[in-house]
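Peer 1: These are the residues of each chain, in order.
Protein chains: 4
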Amino acid sequence: MHFAFDDRTEELRARLLAFMDECVHPAERAFHEQAAQVRAAGGWGPPPLLEDLKAEARSRGLWNLFLPGERGAGLTNLQYAPLAEIMGGSPAIAPPATNCAAPDTGNMELLAEFGSERQRAEYLEPLLAGEIRSAFAMTEPEAASSDATNIATSITRDGDEYVVNGRKWYITGAMNPNCRVFVVMGKTDPDAPRHRQQSMVLVPRDTPGLTVRRGMTVFGYDDADHGGHAEVLFEDVRVPVGNLVGEEGGGFAIAQARLGPGRIHHCMRLVGMAERAVELTCRRVLSREAFGGPLARQGVIQDWIAESRVRIEQLRLLVLKTAWLMDTAGNRGAHTEIQAIKIAAPATVEWILDKAIQAHGAAGLSQDYPLAALWAGARALRFADGPDEVHKRSLARRELKRHMG
Amino acid sequence: MHFAFDDRTEELRARLLAFMDECVHPAERAFHEQAAQVRAAGGWGPPPLLEDLKAEARSRGLWNLFLPGERGAGLTNLQYAPLAEIMGGSPAIAPPATNCAAPDTGNMELLAEFGSERQRAEYLEPLLAGEIRSAFAMTEPEAASSDATNIATSITRDGDEYVVNGRKWYITGAMNPNCRVFVVMGKTDPDAPRHRQQSMVLVPRDTPGLTVRRGMTVFGYDDADHGGHAEVLFEDVRVPVGNLVGEEGGGFAIAQARLGPGRIHHCMRLVGMAERAVELTCRRVLSREAFGGPLARQGVIQDWIAESRVRIEQLRLLVLKTAWLMDTAGNRGAHTEIQAIKIAAPATVEWILDKAIQAHGAAGLSQDYPLAALWAGARALRFADGPDEVHKRSLARRELKRHMG
Amino acid sequence: MHFAFDDRTEELRARLLAFMDECVHPAERAFHEQAAQVRAAGGWGPPPLLEDLKAEARSRGLWNLFLPGERGAGLTNLQYAPLAEIMGGSPAIAPPATNCAAPDTGNMELLAEFGSERQRAEYLEPLLAGEIRSAFAMTEPEAASSDATNIATSITRDGDEYVVNGRKWYITGAMNPNCRVFVVMGKTDPDAPRHRQQSMVLVPRDTPGLTVRRGMTVFGYDDADHGGHAEVLFEDVRVPVGNLVGEEGGGFAIAQARLGPGRIHHCMRLVGMAERAVELTCRRVLSREAFGGPLARQGVIQDWIAESRVRIEQLRLLVLKTAWLMDTAGNRGAHTEIQAIKIAAPATVEWILDKAIQAHGAAGLSQDYPLAALWAGARALRFADGPDEVHKRSLARRELKRHMG
Amino acid sequence: MHFAFDDRTEELRARLLAFMDECVHPAERAFHEQAAQVRAAGGWGPPPLLEDLKAEARSRGLWNLFLPGERGAGLTNLQYAPLAEIMGGSPAIAPPATNCAAPDTGNMELLAEFGSERQRAEYLEPLLAGEIRSAFAMTEPEAASSDATNIATSITRDGDEYVVNGRKWYITGAMNPNCRVFVVMGKTDPDAPRHRQQSMVLVPRDTPGLTVRRGMTVFGYDDADHGGHAEVLFEDVRVPVGNLVGEEGGGFAIAQARLGPGRIHHCMRLVGMAERAVELTCRRVLSREAFGGPLARQGVIQDWIAESRVRIEQLRLLVLKTAWLMDTAGNRGAHTEIQAIKIAAPATVEWILDKAIQAHGAAGLSQDYPLAALWAGARALRFADGPDEVHKRSLARRELKRHMG
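Chains as they are written, first to last, in the numbering used here: chain R, 1 to 405; chain C, 1 to 405; chain H, 1 to 405; chain B, 1 to 405.
To be clear, the hints were calculated from the coordinates, so they are not data collected in a lab. One should not assume that every hint holds.
Same chains, same label: a pair holds when it works inside one copy or across any pair of copies.
[As the list claims (entries may be wrong)] Only pairs whose alpha carbons sit at most 25 Å apart, straight line, appear in this in silico DMTMM-like list of lysine to aspartate or glutamate:
1) LYS54 with GLU275
2) LYS401 with GLU56
3) LYS54 with GLU247
4) LYS54 with GLU10
5) LYS401 with GLU22
6) LYS401 with GLU161
7) LYS401 with ASP6
As the structure is a prediction and not an experimental result, all values here were calculated from the model.
Take these sequences, add in the hints, and give me the full structure.
Peer 2: What follows is the structure in structure tokens.
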């Protein structure tokens, strides 16, 4: 057991930290101003300057870091995790700038692993090149997202085509017109065994019958700069059978395979958000006076800072261990830990962000600091792939099983 | 000691509940749709249908209920509190519909108590009639709002005029063009004793030098329908000396007088928000299925509901007792209790709303339910008139003083 | 609605406060020293000086205050509650000194309401006179105490006798040899409807087959001075049929009737314990120095004091309202509130005591301050008549029912 | 970075686990029964069967595992930590059985590192052999234990002797007559710089003027079986100058050196206690029925189990990382982490134990399960070497310093 990063990780961390300091953080204000202009004009999508950052990141060798194998940077989960943490310090900019943004990351992994040659040529290549975006259409308004057997969207074979009917919502990125393809989860066989009913098909954005209806909000945020979170209708949407990803009935298994790395990424970005929050808080309370001294002297604020540090250190280690387990024992071997970080990370980081907001006063609620938006993001993750409560129930049952006769 | 409302209160409660059921709740969807249209067109202010609701409320004798004395409904704090709770069930609509919305309520009380005859004629009358709106400009970006001695805005006498210079933000309602007058707090004498430095002046919206710069957001919400929360610049703004409210150096005392009732109102509306959240949660979990049964059967959700009920009951009683104390012992006699409800109410109701959101899944985050917006409102109140921590410190010092030699 | 105590209550509060100041608090140290001597000699029971305090209390008209009707002080629940709070400031001494200690209080109410003439003569009279003590034998090691249908103790009619068999534990007071009678709950008819299976019989201490086996501890406390918490065996214990309390099958109903007032008493004593904790904390932190100033200046400690005050004020009001509801609407009308205080009071006061302990350093854990013992008492009450979770579940179900079609 | 134990650790873990399963757990009931008999006879010290366990442990090569270097097992902190965790599963028996119990562990390290040849011969050798016990006398009733500059005990040179005067309390182990020597911290030079005023001397138990006055309790527990927690008086206690440990003025530095490993040990044992609690809880709720099914089906209980698992996993990793840092970067390099685990471990494990107690009902409070006693131990550790709040303050200041200009 030891706790130091390997050389490759350290080298990439240094390179990425330099990119953050030299390019990302200095661009934050302009990014949000441009984004606001785009939005005021009715647009949904990133501000123009993102393209410059992408070019810069690529030239620095900071591109597709998330992707294992030859198509990407070829990192292990344990090597990528600390990079995702660093990106989490500016989560609206760094991930898309390095082509490491959800949901494209998961979609690229999925296409790399399960996509046909044609699917890879048509969608994976431009995604890898950062030319298009994609969406993952699973969540439905009428079904608990944690219970895949509840999915109501149907995918029915009709000759050489699949016909898709259903309503999805909170489909991240889908408001962005450059989001060219939807990976859609639906049921091909409602009578099959519980986890063999679902399949995934690729639906190009311009397919007749597909309507991107409206952007859902998360608290008051529409997250327009990364394509929002859309309600999407599928009404007799027809795609060729060749758009099936993997095999019929394989949808659930593919979704599970997609989850593990996704959670590591989310959780490590959350750790990075927490670090950013602590940093902003320290600076604020050192510079701000009240009642005759800097806020940093207040015992309650010191208590928040210490608790934040203590919680971050524990959380980070568990995420890293989970990454290591995935690398060494596979997703199944890391099942408990993956669930544990899914439970721990959003709640922990939400708490830290709340304290950071409190330390900032009204400014913490506002658009002038990233804290409230980060908070909303962390809070929303308490629902990702099902609410905390479902994950806790499942984890508890596994724990109980260990102690049964 | 007894715990039943008096007859007048019961009669008004029944009347107000009928108005909520017959007029307010049925109008909620249309209200938010109209508000979204106004906003999309770049506007800041209420949707047109609010005027109909105002007319209806007035015809039902539900108007200016908050205002003691002959100008208003003449209710005690204890009589008004349960009405404010009911309004809290639809806090974006019911208060303005009954002309009981902050910050006008506090401003009307202030003008009724401290305003000159001319000030009352010019501003109080149209406010009482619901014809114009007003703002209360105290909070500054560079000063802890809890520490009035930090206020940087200057109000300097120059002949027959006061000259105002300063920057304010989170000035609620100020983006609404019908917000015709600003009650501005600033320093007239920085060398006076600590609580005699401040004064208040009335500044009409169209005074040269006054710039309403931008709407601040609260967790992504701009609250456009009630006039937003503006950043406002005062650059050599000149008003006649007759615009002084009360006397020079009296600003701090007036602000304090304004606080007590305001907190009762806020806190009782929060109680009403919490009741709404519990009601929505119960309906949701009774109708929603997961894992083979209604969510209502889940132990964790039952735990939330029970905890919510237990906390609401305690909180409501403390707010009501505080109202009673203010009526019988005055604001000073209720000092500890006023501070206690300021600490307890936002935190308690924030917790309840968080659980309600969690029970709703992603819908709870969205614009389709009021929960996320209510949460942001409750969270923001943890800063109102200073963060919780300042109030706790002050309350603790009073407690400690009781035990000193 | 108003929040002042009536004259009788104020008069009794003053008298009781004087007794606390003049007699109880000054005797605390000697009480615990004597109790330790008794215990070291292997005894279980109160220290001798308690008799003096009882005589004094009686002479001051502070006797049987808990008991409504002519046999006792004739107070309403709302009148008695603030007196119970005061007693809670010294909960090992004040209740027995005034003959207001559990479980005798509940047993006396039970005998006064349901006892036969002979039962009242034999047991109620000496209990009212403070000459003997009694126990209430309901809880069993093998049954969730919250689920009366699980009770395993059998009470079988055999001619003119009932035969009792079973094992009970945590029978408070039973180690005290002066505890002369046990009110025993068992099943007379396991085939009857769920709430008609149970009956109660009186079992004198010296009945053959009754074995008081050992004192159970609560954390490390054996509570010897109030007779401990015994494990008690009933092996073919025979009592005459005249020892039945009320009617066969009436045990559950009698137990329920006993609960309401008992909870008010417990909860108000808890409020008094919390007040004591705050008082001790304030004195401690004002007098204790660390890092160059009194602890009272530490922000975190001020935060605890303020939170404690805010929570106590809310809790007390809910207990008082519950008492008022019981007086005006009966136990059934106060069902929700009785359950709410059962949930709220132990948890709230446990939190306050924990912070008081923390403010005292190691002394807070020790026998030199009452805090750790009070904490253990509050913690144990989270199980009284069933754990919190059962009460929450029941309360939630009632809340949900209100929202069903 | 990787997360597997090395071979030596795995081998020792297996050996220790076998010892726990074959010897320690089977002896638990008898241990506590014997201990109760010893105590009832007025004794303070371990039950006789401990000697058998010590012999057995020694024969299995499980002896002095904590001690680095040739005198002990020569393990690194990272190697010993997982062994300490295992011992924590039975913390009253396993540590003394393997001669790895505090405070002897710290005292042996101290003597090994700073002791003179004579001191090592006289005290270290018999301690290593498990023949005698020792105490560490630092904490004083009148000084915040976290603030060494407040220590009131004086150590004054008088010719060839030091004269010790002062009062200590919560001196663990000191009630045991076989505790032969006290390591006493006092001030030799109150005028020296703040951290050079203190020295340590060895005081044999039978030195005139040393009075072991009484056992202090921790939530009612006197912990007699490991020698209790004594109040100790030093009145003109004279020891030869050769009893000085290290140099005059070196007391603070020695105490600091003693702290690091001690905290690792405490924290890892706490992790083991938490694992034990989860195990007992799972077994209990699987076997216990209420309301028509095993408790294990209750959602709230599943929530506790899941939360416990999630917190344990995070906590353990931070303790292990701290051990690794101490091994690789020294105590100073691990300063933040040592403080972080001191803050995190007792609070986390206290929470887990509280839930385990709640899941056990009244049994959880009793002497029939170890949970309440473990809880009291964890709670007490929130004060060890100063309360949490002092550690948080210090940690926060270091965090703030990183962000200063």
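Peer 1: It remains to establish, for every hint, whether it holds in the given structure.
Peer 2: We went through each hint and held it up to the structure:
1. Taking the shortest Cα distances, LYS54 and GLU275 sit within 25 Å of each other inside one copy (24 Å), while across copies they are farther apart (48 Å).
2. For a Cα distance limit of 25 Å, the shortest separation of LYS401 from GLU56 qualifies neither inside one copy, at 51 Å, nor across copies, at 33 Å.
3. In the homo-oligomer, the alpha carbons of LYS54 and GLU247 never lie at most 25 Å apart, since the shortest distance is 35 Å inside one protomer and 60 Å across protomers.
4. Proximity of LYS54 to GLU10 under the C-alpha cut-off of 25 Å is restricted to the intra-copy arrangement: shortest distance 22 Å within a copy versus 47 Å between copies.
5. Only between protomers do LYS401 and GLU22 lie at most 25 Å apart by alpha-carbon distance; the minimum there is 24 Å, versus 51 Å within a single protomer.
6. Neither within a single protomer nor between protomers do LYS401 and GLU161 lie at most 25 Å apart by alpha-carbon distance, with minima of 44 Å and 48 Å respectively.
7. Taking CA atoms no more than 25 Å apart as the test, LYS401 paired with ASP6 passes in neither setting, with 37 Å inside one copy and 28 Å between copies.
Of the numbered hints given earlier, the model fails hints 2, 3, 6 and 7; all others are met.
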